[in-house]
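*Asks:* With numbering that gives the first Met the number 0, letter number 125 in the sequence shown gets 124, and the count goes up by one each step, no holes.
Derived by calculation from the structure, the hints in this document are not laboratory data.
Predicted model only: the values in this text are computed from it and were never measured.
By construction, the Cβ of each residue, glycine as well, lies at the ideal position given by its N, Cα and C atoms.
Errors might be hidden in some of the hints.
No more than 30 Å apart at the CA atoms, straight line, and that leaves these computed lysine-lysine pairs for DSS-like [as the list claims (entries may be wrong)]:
(1) K63 x K121
(2) K69 x K108
(3) K53 x K69
Computed Cβ-Cβ distance ranges for the label pairs, DEER-style [unchecked claim]:
(4) K69 x E43: 15 to 25 Å
(5) L90 x K112: 16 to 26 Å
(6) D119 x K63: 40 to 50 Å
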Amino acid sequence: MIYGQEIGTVVIKGDTFPTISKDGLEYVIIDSDTSKLIRETMPEFPWGQDNLIKYIQSELKYPKKAWRNKIQGQVNVSFLINEQGLVDSVLVLKSIDTELDSEAMRVIKQMPKWTPGTQDGKPVNVHFTFPINFRLPK
0 MIYGQEIGTV VIKGDTFPTI SKDGLEYVII DSDTSKLIRE TMPEFPWGQD
50 NLIKYIQSEL KYPKKAWRNK IQGQVNVSFL INEQGLVDSV LVLKSIDTEL
100 DSEAMRVIKQ MPKWTPGTQD GKPVNVHFTF PINFRLPK
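Make the full structure from the sequences, and use the hints.
*Replies:* Written out as structure tokens, the structure reads:
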């Protein structure tokens, strides 16, 4: 089963990988054979994909300095769900402000253990790119 349509590529630490899109998220699959886009299962957040967004919203704290300076926008964060289901290799791909970037990274790094993705019955590393929006009330 193909889990999404190939939409482009991403460069991570000098290596280029294909990206696919599914359920509003962008995924980068990284394992020993990066030419494969077919996976038996994608990693799963412990309480399901819908609850991933709720979890991030509940954990996100708007930095006071950014709030006072009325800084808002989207931070794109890349992270790996490794073969053990742990969050690893968290990077900001699109920055707005160092405080907002740090907060987005903090929330991603503290996520609970996921169910890892598999290929041929074996756990594999899977990269995600996730947008985190910081919006001030009007």
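*Asks:* Holds or violated: 16 to 26 Å for the Cβ distance of L90 and K112?
*Replies:* holds (20 Å)
*Asks:* Is the Cα-Cα distance between K53 and K69 30 Å or less?
*Replies:* holds (24 Å)
*Asks:* Next pair to validate is K69 with K108; report whether the Cα-Cα distance is within 30 Å.
*Replies:* holds (25 Å)
*Asks:* Return holds or violated for the Cβ distance of K69 and E43 against the range 15 to 25 Å.
*Replies:* Since K69 and E43 have Cβ atoms about 37 Å apart, the given range 15 to 25 Å is violated.
*Asks:* Does 40 to 50 Å hold as the CB distance between D119 and K63, or does it fail?
*Replies:* holds (48 Å)
*Asks:* Please work out if K63 and K121 have their alpha carbons no farther apart than 30 Å.
*Replies:* violated (44 Å)
In summary, the structure is inconsistent with hints 1, 4 from the numbered list given earlier, while agreeing with the others.
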